[in-house]
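Colleague: Chain by chain, the residues:
Number of protein chains: 2
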Amino acid sequence: MGDQIAIAHPGWGEHLHIIARDKVFYHGHAVAAVAATTTLAARRGAEKIRVEYEVLPPVLDIEAAMAPGAPILHDDLVCLGPPPVPSGPTNVARRISFAGGDVEQGFAQSELVIEREFTTQMVHQGYIEPHATVADSFEDGKVSIWCSTQGPFAVRELTSTVLGIELSKIKVIPSEIGGGFGGKTTIYLEPLAVALSRRAGRPVKLVMSREEVFRSTGPTSAGRVRVKLGARKDGRFVAGEVVMHFEAGAFPGAPVGGACMCALSSYRLDHFLIDGYDVVTTKPRVAAYRAPGSPIATFGVEQVVDEVAMRLGMDPIELRLLNAVQEGDVAPYGPKFKAIGLRETLEEARKHPNYSAPLGPNQGRGVAAGFWFNAGLQSSASVRVNEDGTAVVTTGNPDIGGSRVAQAMMVAEELGIGAEQVVPRVGDTDSVGYTDVTGGSRTTYATGMAIIEASQKIIEQLRERAATIWGIEVDGVSWEEGRAVPANAAAAEVEPLTLAQIAAQMPATGGPIIAQAALNAQTAGPGFATHLCDVEVDPETGKVTVLRYTAIQDAGKAVHPSYVEGQMQGGAAQGIGWALNEEYIFDENGVVENPSFLDYRMPVASDLPMIDTVIVEVPNPLHPYGVRGVGEPPIVPPLACVANAVAAATGLRFTDLPISPPRVLAAIDGD
Amino acid sequence: MGDQIAIAHPGWGEHLHIIARDKVFYHGHAVAAVAATTTLAARRGAEKIRVEYEVLPPVLDIEAAMAPGAPILHDDLVCLGPPPVPSGPTNVARRISFAGGDVEQGFAQSELVIEREFTTQMVHQGYIEPHATVADSFEDGKVSIWCSTQGPFAVRELTSTVLGIELSKIKVIPSEIGGGFGGKTTIYLEPLAVALSRRAGRPVKLVMSREEVFRSTGPTSAGRVRVKLGARKDGRFVAGEVVMHFEAGAFPGAPVGGACMCALSSYRLDHFLIDGYDVVTTKPRVAAYRAPGSPIATFGVEQVVDEVAMRLGMDPIELRLLNAVQEGDVAPYGPKFKAIGLRETLEEARKHPNYSAPLGPNQGRGVAAGFWFNAGLQSSASVRVNEDGTAVVTTGNPDIGGSRVAQAMMVAEELGIGAEQVVPRVGDTDSVGYTDVTGGSRTTYATGMAIIEASQKIIEQLRERAATIWGIEVDGVSWEEGRAVPANAAAAEVEPLTLAQIAAQMPATGGPIIAQAALNAQTAGPGFATHLCDVEVDPETGKVTVLRYTAIQDAGKAVHPSYVEGQMQGGAAQGIGWALNEEYIFDENGVVENPSFLDYRMPVASDLPMIDTVIVEVPNPLHPYGVRGVGEPPIVPPLACVANAVAAATGLRFTDLPISPPRVLAAIDGD
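First to last, the protein sequences are chains Z and D. Here the first sequence stands for residues 1 to 671, where the numbers follow the numbering used here. Here the second sequence stands for residues 1 to 671, where the numbers follow the numbering used here.
Rather than coming from a laboratory, the hints here were simulated on the basis of the structure. Don't take every hint at face value.
Which copy? The list can't say, so a pair holds if one copy fits it or any two copies do.
[Claimed, not checked] Only pairs whose alpha carbons sit at most 27 angstroms apart, straight line, appear in this in silico DSS-like list of lysine-lysine:
no.	residue 1	residue 2
1	K228	K169
2	K171	K142
3	K336	K169
4	K171	K205
5	K171	K336
6	K142	K351
7	K351	K457
8	K336	K205
9	K233	K351
10	K338	K233
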C-alpha cells in the first residue's frame, strides 16, 4: 500500500524531468539554467542560448496517447502492473487493479445498472508562493538548500538521486511555506540551484514566476473515469466497476493508485472491479494534489450514486446510509476498516438545517460523500525542556495547515502545561530525525504519535528528577497536571514540583531534559466526509452560484478544531473551483493558454458562501488521542457534490469538468 | 566550583553594559544604536544624535581603583567573598581565597624565600571575524538571531535576560565562527539587533569594525600578581603565597577565580595562601580568553619557580619534577587529583632534543609548566542514521577548534564505520538539547560523552533491527566492526548485516533510527602542559626572537592528534604574542590608542618558529576514551616560559609584560 499512495518519491525519469536532455517533453520543460549576479544579466545570458528543436508530434490526451501508432514519449518505458498490460513501446506506464466477487454476475443480479463516463481536466494546486530555492555549496562538497517544500527529507533524497551527491552531504532547510497542497513534495529548482552554485562557488537563488509555476510544475491529472454501478430496487448496491485513465503528463506518476483505492471504498459491494491506468502525455508532469486521484474518481462514482437515488426516488443520504461501509467492512484495496465515521457524517448531514433549507427556482441541492485512506509513514520528533520551564518540540514537517500548533498542543496535553508554554519548530534535515513529507494527511497523526511518545519520555525524566530532588525512588513520584506529586500522599511530606521548578534544577539533577521518538506508522485512520451543496444556475449566462455549502467530516479527534475547520473549508473551496471553473487550457501544440491567475480561474472570496462545517469525532483506535488525517478528505466530495446540485437544479447531468458557464449554457440550450 | 570558572554567565550589569544608560563606563561603551537601509544612512542618523557628557574622572588601574577616595564606578556594587572585604562603596567586586596549612609558618621553615610582583596588560583574543549578528523579529513575538558565537544557548539566555523576552521566543542560529578563544561566549550586538528589528519590523544586521572590536568588546584582564615562594635547599617547596588583583574593566567579571584555581596547582605545597581580587576600572569590560586568568597567575609563579632553580643551581625541570603534583594530591581549590600528566610532560620535556640543543650568545632557554582545570558542564548530542547508512551527529557546540571532526570520529569509533561516513553538524537552539558554550576545553570531553552515549543507543537499535530482520531475540545479536553479527556463531545461520544494510531497511523495521543523550558533566580531566622556549635577544634593539618553541601536553587521549597539535601551537602562539608584544595602550583618559592590528602587535607567521609539539596521553579516568580538554592549557606556560628564556639570555628578570623591545632595551641599558 505504501507505494500506491500518490506522494512523490524518487521516480522514473526524475533526472530527465529536472532539465531536458535529448528530448523536451512538454512546453515548459526546462532546457537550460543560467545564473548571474543580476536578473537582467541572467536573462541576457539565457537569450544567448540557441536551441535547435526538431518538432515532434504532441500527445495531448489519453486517446491520442493510447491510439495504435501513437508517438511514444519514452522508448524505454515499460508498463508495470498486473496483466493485461501493453507489451513493447507504450505510453501506458502502469496498471493498477482491484477486484472482488464476480462483477459480471453482480451486474446480472442488479435491477438497476447505470454506466457513465466522466472527464476532468488538469488543475493546479494554486499555492500562493511560487517555487523558490537558494542553494549554497562549500569546498568540502557539502551543499545547503533553502526551499519552499512540504518535505525537506524528500528534497534531500531527490536532489541526491538527480545529482549523484551523497545524501549526507546535503542539508535542506525548509522555509515557511506559502501553501503546498501536495505540489511541494517534489523538486524542480533545487538540483539546478545546487549545480549552478557548485560552478559559481556562490549561493544561487532561483525563483519561479507564476507563469513558470503553471507551465513547469505539476498540476494534477486530467482523468477519464468510466463508472458502472448496479443496484437492487431497494437501493442496495450489488456491483461496481470503475475504469480510470489518468494523464501523468510527461513522466509516469499519475495518482491513479490513490484513485483506485478510493473509488468504491465508501460502499459495500460484493462485486467490484477497479482498473486504473497511468498514461504519459506531452504536458506538464503531474504532482500530488490533496487526496491525489480521489476527487477525480469520486466525481464519477458519486454522480452515479446520485443518479441511482434519483432513479429509485430515494433520498440520496438514505441511499448512502443503506450502503455505507462501517467497522469490519473490507475496503477494495484490502484492509478491514476499524472504527470509521462515514455513517456518522451522513447522519449529521441528514439532520443539518442546510439539508432542509427551502430552494427556489433554478436552485438545486447536491450531496456527495468522499473517502481518503490517509497515510502514516515515518516521523521523528524531539521535545526539550528549557531552563525556564517552557518546552520546544521540533519535527521535520513543514507546517502547511496549522500542524505546528497542534504539535505544541499535544506536548502541552501530555506535560500538563499550557500550549503557549510549548514552542513548536520545524527543523532542517540535520536537526531532526528522518521524517516523511507533510502530506497524506499524516502529520498530526503520525508525527503526533512520535511527539506524544517523546513527551511521555520527558515525563519519565521529570519524575526521575523530582525523585532525585526529594531523595525518594522514582516509583514514588506521579505526574499530575503539570506537576510532580508524591505517588502516595502519605509517603512523602513534600510540596509538588512544577515543571518550571524542576527545569530550574536541571543542571544539578542530571543536565538537560530532552527526549525524542521515531516511528514508521504503517497504519492510518481512514477519513470520510459528506458534503452538501446548494446552487443556483443562471439560465441566461450558465453561471453556477454556490448558495450554501456544508462540509461534514470525521476528524477522529480534532486537536485544534478551528484549524480542522479551516482544512475542511479550504478543501471544499478548492474542490468547488475545480468543479466550476479551473482547468488547464492547451492549444493544439500543448502550450498552456491560461498560465496566470487572471486566466486560470480559481475561486476568490466573493465566489463562495461561508462554508459551514460539522466536525464528527469517531476516534481512530490507532492513535492515542483518536486523531485521523483531516487535510485531504474535504477536497474529495465537492466535484461530485456541485455536479449533483447542478443536476438537481437543471435536470442535466454534467459529466465533464469544469461546469463552467459556456458548458452549462450549451447544455441548457441543448447544444 | 562551577561559578568560579570564568565563562560568561548572566551577570551583574549585563543590561547596563550592552548600551549605556545614565553613565558611560568606558571609551567604547555603546550609547545608541541606529538601523537604516544603508550604512551611509545609519551613519548619518548616528551623527544626528547629540549626547551631552559630564566628564567623570577615569579609573585606569588597580591602584587608582583601590585608592582611598577613588571614584566609585557603581554605587550599588557590593564586594562579594570571604572577609576581609571592603564594606561600603568600592571598586572591588569580589575576593576569592584559598588557603591551606600555615603560610607564615611555612615561610619560616623555608631556606629560600623569593617574593616578586608582576604585572600584565589587557590583551585581546584577536579572533579573525569581528562580532556580527542578524536579528529578525516576527509578529508573534518570536525572534531569530544569527551570530558568531561560541554558545548559542548563552546568547539566548543573555538576550532573554537583557531584553526581558521569554527564553522560548528566542532562537539562536550560530554561524560558522572565525575564532573565539573565549571572547564569543557573551553578547554585545545581539540585544541591540533584536530591539532594532522589533522596531523596524525587518531583519537588522550589525557588524563591528576591528576598531569597535578592540574598543567595545572584552579583552582579558590586566593583572598584578605578587608571588612569594619558600623552598628548602634541596628544592622542595614549602610554602607559597599568591595575591592577585585583576582589572575587570567596567563591570565585575575578571577571571580571578580561574587564576586562583591555577596559580599553585602544579606543585605540592603544605602551606599556601591564594588571594584574588576582581577590580572594576573605566576600561572595556573583560571577557573570557583561553584558560582565563591562569596565564597571568602562571606568569608570576613560574618565573619565581625558575628563579628558585637558578638560585639553587638546579635544573628547572628537575626542580619541577621534585615538586610536581600527581594522582592523589589535593589541589588548592579542593579536589583530589585523579590520574594527571604533569610529571609525564616534564619527563618528555627533559628528554626532548630541544632541551639539549646548543645555545649561542645572547640566547637563553626557558621552561614553564602550566595548569588548567578544564570544565565539564551541560551537553546534549543527537545521532541519526541516514537512509544510505551514513550518520549525522548534531550538537549545540559551535566548532572553534576542530571539535566537529572529533565528534564525527567518536560516532564512527562507536558504530564501527569510517569517520567520513559521519556528518557532524552544529545545531541551533531549537534543534538540539541545551548545551553550554564551546569553552572551558569542555567540548570534546563533555559533549563527547553525550555523543558516545547516543551512539551506544544507536547500536542498541541497530541490534534490535538486525534481530527483527533475522527473526531472533536481540540478545542473539552482537555489534562488531560496523556490522550486526550473530552473538553465537552456531546459533544463527545468517550473513552479517552492515550498518548500511540495516539502514536501508529502516522503514520496514520500525522507522528512523535516532538517539540522543544529555548530561551535566560535573567533573573534568585537569590538563597540564610543559613548554620549552629558546630565545635570542638582540642587545642593539631589544628585540626578542623565539628560536625554538616546544609545547608538551597531556591530552588524556588525542581523538584527532593533528587538531590537538593545532590547539597546542595556537595557544603557544597567542601566549608568545602576549609575552612579547601585545597590550592595550590607554591614554590618560582611558582611550585605547592602538585599536587596530597595525598598532596592536599580534605575532604573524614570520614572528614564530615552527612550534614543536609532543602529545602525552595519561588517560582521564572520567571519560570513556580518556579524553581531557586540550584547548586551554597551551596558553598557560608561554608568558612565563618566554620570560624565563629572556632571563636566561640576558640575566635580567622581566616582571612586567610585554617584554617588548623598548622595555628590553631599557633594562639592558639599566634604565
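Colleague: Would you mind marking each hint as holding or not holding in the structure?
Modeller: Evaluated hints:
| no. | hint | in the structure |
| --- | --- | --- |
| 1 | K228 to K169 | neither (52 angstroms within a copy, 57 angstroms between copies) |
| 2 | K171 to K142 | both (8 angstroms within a copy, 24 angstroms between copies) |
| 3 | K336 to K169 | neither (42 angstroms within a copy, 45 angstroms between copies) |
| 4 | K171 to K205 | both (16 angstroms within a copy, 24 angstroms between copies) |
| 5 | K171 to K336 | neither (40 angstroms within a copy, 46 angstroms between copies) |
| 6 | K142 to K351 | neither (60 angstroms within a copy, 45 angstroms between copies) |
| 7 | K351 to K457 | neither (44 angstroms within a copy, 55 angstroms between copies) |
| 8 | K336 to K205 | neither (48 angstroms within a copy, 58 angstroms between copies) |
| 9 | K233 to K351 | within (25 angstroms within a copy, 106 angstroms between copies) |
| 10 | K338 to K233 | neither (30 angstroms within a copy, 91 angstroms between copies) |
Hint compliance for this structure: hints 1, 3, 5, 6, 7, 8, 10 are not met, and every other hint is.
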